[in-house]
Amino acid sequence: MSSLLDLKYSWRLLNKSWGYTLLCASVVALSVGLALWTWCAVAYPQLLKPMGLPHSERWYTVQMAADAKARPRPSSVDAYTYQEIVKRTRSVEHLGAFVNGATVLSEGQASTTLRTATISPRLLAQVVPLMGRTLQPGDAQLGAPAVAILSYDAWQSYFAADPAIIGRTIRVDAVPVQIVGVMRKEFFVLWDFELFVPLRLAGLARPGDSKAMLNPIIVLGPKQNLSAVLNEMTPAVAGVNKNYPDVFNAARHPTLIPSHRTYFYGATPVVAILIFMAASVLLLGALNISLVFLARLLERSRELALRTALGASRARLLRQSLLETAPLVLLGLVVAYALAVMGFRWTDAWQDYLNRFLAIGRLNGLPVLRTIDLTVAICAAIAIWLLSTLVPAWRITRHDAATVLAGSGKGVAIRGSNKSAGLLVGLQVVISSLVMVICVSMVLALNKETSKPTRLESANIVMPTSATVFDARYSDPVRRLRYWEDLKAAIENKISGSEVAFASDQPSTPGRVPAAIEGRQGTERQGQATLPFSAVSDNYFEMLGVTLRTGRLFDSTDNGTSLNVAIVDEELATRYWPGQNVIGKRVQLNPTDNGPWLTIVGVVSSVTGGRPYTKDDIGALYRPLRQAVPAEFHTLTRLPGTAPDSRVAIRAAAFGVDRDLPFRNLQTLDDYLAAMRFNLKALMPIVIAIALITALVTASGLFGLISRSVAQRTHEVGIRRALGATPWRSTSMFHRQGARYLLVALVGVALGTMLMAPMSRVYTNIFDYALLSTVSVVLLMAAVIFAATYLPGRRAVALEPGDALRYE
Amino acid sequence: MSIQPLISLQGITKKFYTEEMETSALDNVHLSIDQGEYVSISGPSGCGKSTLLSVMGLLHSATEGKYYLNGAEVTRLHSAEQARVRSREIGFIFQAFNLIADMSAFENVELPLTYRSELTRKQRRELVLAALDKVNISDRQKHFPAQLSGGQQQRVAIARALVGEPKVLLADEPTGNLDSKNAELIMDLLAALHQQGSSIVMVTHDSRFAERAERQVSFFDGKLIDDRRIRPRAAAITVA
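Protein sequences appear in the order of chains A and B.
1 is the number of the first residue of the first sequence in this note's numbering; add one for each residue after it.
1 is the number of the first residue of the second sequence in this note's numbering; add one for each residue after it.
So here's chain B without its partners, still in its complex pose (with noise of 0.2 Å):
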């Protein structure tokens, strides 16, 4: 039995114009993410890692190539379809967490769960409180993003990326913002996510936390010129 990649890019290209050129991001890549894996991205700055999680988000749209989610292509998908790709399958983390400030930390965790028309209020609550659970912030639900540190916001973020149970969390320099303390304790709660089923993609510069994935893809001038497995895959790994 052959196992179908979460994630799979195929000659992936994006170019970016502007009046007086044209610009090349991502150049023909060809990359496949398993379920279950953890895969850091790093790279110098301006090689392409943010384009990359950008097109994998859907964000972006390729200018050449081809991009399997699950199996199925979301190349070509209208606006629409790509938002509820977004809303079910895919869980952004941003390095500066993106939290809306006028929200408290439980409504941004609710805010994607929103966008889901088949879920009633009781089972969004019931999904909040487990992925704020998860992050060990539960505590501070009620409090807005300016009554929280960088690492509890960062948190936040993180819980709100989980909590639609996406098939992969795209975290773009989880830890840019944080300090080394705060840092440790989100790549730690990400390792232990991984160890629980969830896929992950991680762009990062640091070499330290590259190394934490399983596997590292590195990029120079939009170009993908490493894929190196670090370690061998987790034992948590399911075919969906």
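This is chain A alone, in the form it adopts within the complex (with noise of 0.2 Å):
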């Protein structure tokens, strides 16, 4: 009964203070909320959801890393490596591997591209379908018959749920192949495929062999560890580096990563990042609420000796106290939980758009609010609680209650708790300072890598996100020409005023290929380079407003029968031929293949903006279309000015000219780019609300913390002005102490600075803003101190001097 009369008196409190009251609560939601979004939405997503197969625990796949300094990526090894590495690896209970690619699907008056999964049949083994039969290592033989599954939103989409679909043969590729299975609804593994077919690889003698790139996957067996299986794997890359110098960099070396990462791996360090920074905010909330509490028990230092002097005893004091700090806790949760669902709504949101975009299906990352999560989440803020509470608490309940009487309720001036109050604000005042040039560091950085112009003249242009790849018919270049040339005729005679260009690859984002560079002495293995490429047609440059600087552009008469040629931009130029005449300077591509020798002919502005935070695809080299001949490519189509979206239109020409090479997933270029960059925009908001939390966390704690300081000394300011002191000089006492924080302060932004450099390995222009982001950080600091400071020293000169000395 005694408990509710508690409860109420505590409702009074708050109810009287509700500055504190919000206060509080806030600090509990801003932290508790951004930690579980955190959890939720990033750190249990992308480092720990397992894959939905059993013992899927002991997969890991295998990345490789360019160089000694590059970051591993997914599908980035090439089939004569995986050839390699399978004939040295024996240490695992499997090896194989899956390739991520695209499939035509076309079936009676309509083709469609299909995400598809070419995969070793073994890492399927334990896979039951729905209905069916999963992939057998018979599948994989070369020569046999050619079969797949689908995926149950394939089977539902393209099929209509046709029940009979086991056995039917349907056209992929152009090739007839017969469906052997449907996957279960809830089957999700690596990646959101609607197809999987066997993986066939005949042998390789020599890398070029095979343009594939694999995705290469171990499963270990129970007592098997990986280091054996790197001790094996790692001697024999090292061999095909050696054996094919031109190709791969002797420091290329590979990772073996949890295979539910595969496609989260390279995004560790920025997960590593939200994670510190909400751990961050999370330990100051936590020092911040100690604080308030502590200050507040402080001033209630005369009411909780009283109740000991009628009788109180300490735990029932103790139980008192957390009653009183219980609904603001529970408060600040409930909100935490309400911004933490807004959180994945929006993360949920965004993910999901960029998702639609590309058309990459679902992703194994989405946000998860599980039950164990928001247990996790209940203890945490209960542990808070109890700790910020009791500790407090304990503290004052040990005072000497006839003390506590005996002098006044406020000015009981426990120097063991100022001490401890003010270490609390220290911490807070270098946690806050450090975590904020962190994060504006990151937002100008952002800021400044997502507004790089493009220089591309992008309205109006339409083109699939994925690249139309030729398949076996059009092995003959001859071909692939009259292709394009037929493609171009038909969608420009469907939308009039239309223009058509193509490109190997988007425009911004070249692709990579191994160069030599005649002349070029004393650099790594003589003159080898690896140099963004694209083969592009004649009006591409026109097309997209790249213009010409020196020489000449591509033109009908560069063909397969006249000297190959090549245009670079300025930054190509500028790097490898520095304050020279480039025209007329040569290159050789894929030199290990003995590929064609390319002379310059034209230099033309440069192209950025394509993904960020990729240096090594600064500049580009351009190769026509006629004489490269790609056997994949992107089609551009600029839309007249007043055309309404002709995308329909597009499609149904493309169909026309050949159904089995369907356009996939149309997009205007200008969202294309956008689309490029949405992940670091989305990024940006993130890292301010960080960034705000953090200083009103701090900006809070200091405000209490010199707020109370000044309640207890405003007796002392009263001596000082009845001794003469002027209003300023009484009250400098409060602004030494500041000062000091502002030291603290400076101490925080050194030990943040130091903090970045292992971040700028990611956003590589992070130390871009360093100066500016530490002026600002502790322009910010000083702010809140001298505010922190002066409203409450103001407020007690504002006493006559006679009331001060009265004060309590």
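Treat the hints with care, since some could be wrong.
Claimed, not checked - Here are the simulated DSSO-like pairs of lysine-lysine, each with C-alpha atoms no more than 27 Å apart in a straight line:
| id | chain 1 | residue 1 | chain 2 | residue 2 |
| --- | --- | --- | --- | --- |
| 1 | B | LYS142 | B | LYS122 |
| 2 | B | LYS122 | A | LYS8 |
| 3 | A | LYS49 | A | LYS185 |
| 4 | A | LYS49 | A | LYS223 |
| 5 | A | LYS211 | A | LYS69 |
| 6 | B | LYS223 | A | LYS8 |
| 7 | A | LYS452 | A | LYS681 |
| 8 | B | LYS223 | B | LYS66 |
| 9 | B | LYS142 | A | LYS16 |
The hints are simulated quantities; they were obtained by calculation from the structure and are not laboratory data.
Since each chain sits alone in its own frame, please combine them into the complex, following the hints.
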């Protein structure tokens, strides 16, 4: 019953001081909400969420780092290296691979592109399909009948859930394929594949024999370990590097990554930064709450002493303190949950938008709020609540009740408590300065990177986001050239006033090709380099507003029988031929395969802003489409200015030319370029929110501490003024206290700047604004500290000295 | 039949220690107070009066000596047991009233009862109303301290002290913050309570009020220097 009275009293206190209630609840809500969001929307899905297969924790994906400094990437193992790895690796239960690609399904009067896993059958051996069977080792034999398994969604969407689908022959990449199974609805492994076909690899004599890029997967046995596998795999890769120095960097090395992180491993530094920031904010919140509760209890030390005198035991006082802070924490938790849910929806929405835009299906990394996460969050909040209440309450109840009652309520200056509070605030200032300097630097760096102009005239241009890949029917380059001519004519006929160009890669994100630069000495391997490369049609430059700087553009005379030519952009020219006339210089592509020597005939303006933070892709080397004749291409269609969206017409034109080469996911070039920066742009509000929360929490902590300090020393202020001190001089001790915290803030800023060094591997321009962010954070902290010292001090000197002397 | 004293202090010494020095607030104090007695403690500032009251009220532990309350030694009780004794056996009246500003008069008086789990809400209410009635302030039970005069606040504080029917009321300068008229009223109230059987130990340095007790104890420099009976014991004394 007395608990009810305590609750009623707590409620009255909370009602009385709305500012305090809101401050505490906000601190709990923001810090716990951010932590919950970070865990459920970022950390768990990207680091820990398992795949939907039994024992998948023993699956590891092999990713290759191209050189000693490069980061491993998905689909980075060429077929030849994979073949060598398979030969040498013994310490695994199974070694297989998959290729993340696309195939063309054409049924009746429609054709579409499916996300396709070309996969070793044994990797799917544990899978129980909804219908039919899974892939079997025999399916991967060369010459075996072509078979495939459909995903549940593909079965529903493209075959109207036909119950007789098993055994039916469909047309995939213009060849008949028999459906042997349909996956279960919940089946999701690695990627949202729509079709599974067996991986068939013929023996390769050299790296150039196959262009396939694989994701090898090892499955460890119960007693096998990763180091043994790496010990076998690393020499195999090193052997390939050594035998083919023109193709592979000597420091290329394999990395084994838990398979559930295959597509998220590259984001690990970003995830780590977010986790660090969220943990810092949570720690700040806990410290802040402890400080506020301590200050609150100290203000009420007289009341607590009185309760002691009236017979309240220490346990009873602790219980009452807990009851008083419980509603605050509960309110904070409820708001934290609401904020986290809003965060999940926001994250879900932009990830969904991006996935739909790029037509990559679902991701395994979508936010997920599990009961266990919520339970852990509640337990953590309870732990924070107990610690932040019981520790200060325990300290207060240890004070001598008679002494407290004999003195004044507010003036009970407890040196130990002041020192503890001072240390806690100091820690807050360090952490917040550290977090803020990182946040400000990140925001400025991200803004700079995502605001770079593309230098492309991208308006009204539509293109498929994925390349169209020629199938075996187009092995003859003449047929490919004829196809492009037919396609161009078909689109331009269907859409009056349109213009069509072709390129092997999306504008601003060229591919990469090994090359030798004639006459370039003294660099690694005598002029060997990997150059950004794109094969383009004659009208490509004009269509995209890429302007000629010197020399000439491609024209119809640049064909298979004429001199092999190339055009480079200004960036590439400056990088490899600084201060020289580039016209007439020669470059050999694929020197290992004795590729063609190209003569540079022109220099064009540079294009930037493709994938952010990919410095290696700076510059571009262009070849005429007629000479390079790439196996895959992008079709760019500039629509007439007034034309409505003509995607249906473009698809129809492509279908008319070859039904087995459909366009996949037509989007505008503007949207595509924006999508390339979307993830980084989405990161900016998160980082800004973290900085704001940090500033708010720190400011409130500083205000709380210094206000309390002023309250305790108002009597002293009165004495000083009675002795002749001016208002400013009489509050100088508070300003000195603030100045000490400013020094502490400088330490935090310095630590933050040091922490930015490892981050610069990901955000390569983060130090561009280090000075600006340091000065900004120091000024901000100075402003907060000045306000936190000046305002309470002003209150103290606003009292008449006589009133201050009587102040309690 | 021997009468057991309500309070028996045997050789009580209380020292306070700071980093630099040791201060002796009470020095070998021997004092017995019987049930129903009205004792005033007087002396100059810093003589140890309030410290003695703190030791009697178990707010301070004695450095040396033994303290018997109602025949039981309470010198070295655990803090929880001390709290239990305070809530049942002792009632405090402070110079500064020490009412909780955010509680009504009724709630302030009820507060010590909430620390006694054996009482139901109804019992608590009856006891509070009786206590408020006893000090003649029932009509102000819903008022908050800020809405009461100093005399009324002290009456609420006295009601709070006696609501749990303690064995002894410890009053530390109960009239120190009051004007003379209200001070007289409070002293009359204490006298009336004594007449009804309450044991009262009152610290005061006002000789007029000290003489209204039936026994006057004087302190100087932590030592008991005088203990004299001013008037005979009241008739209402009963042996516990």
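Original post:
Does the structure break any of the earlier hints, and which numbers would those be?
Top reply: 6
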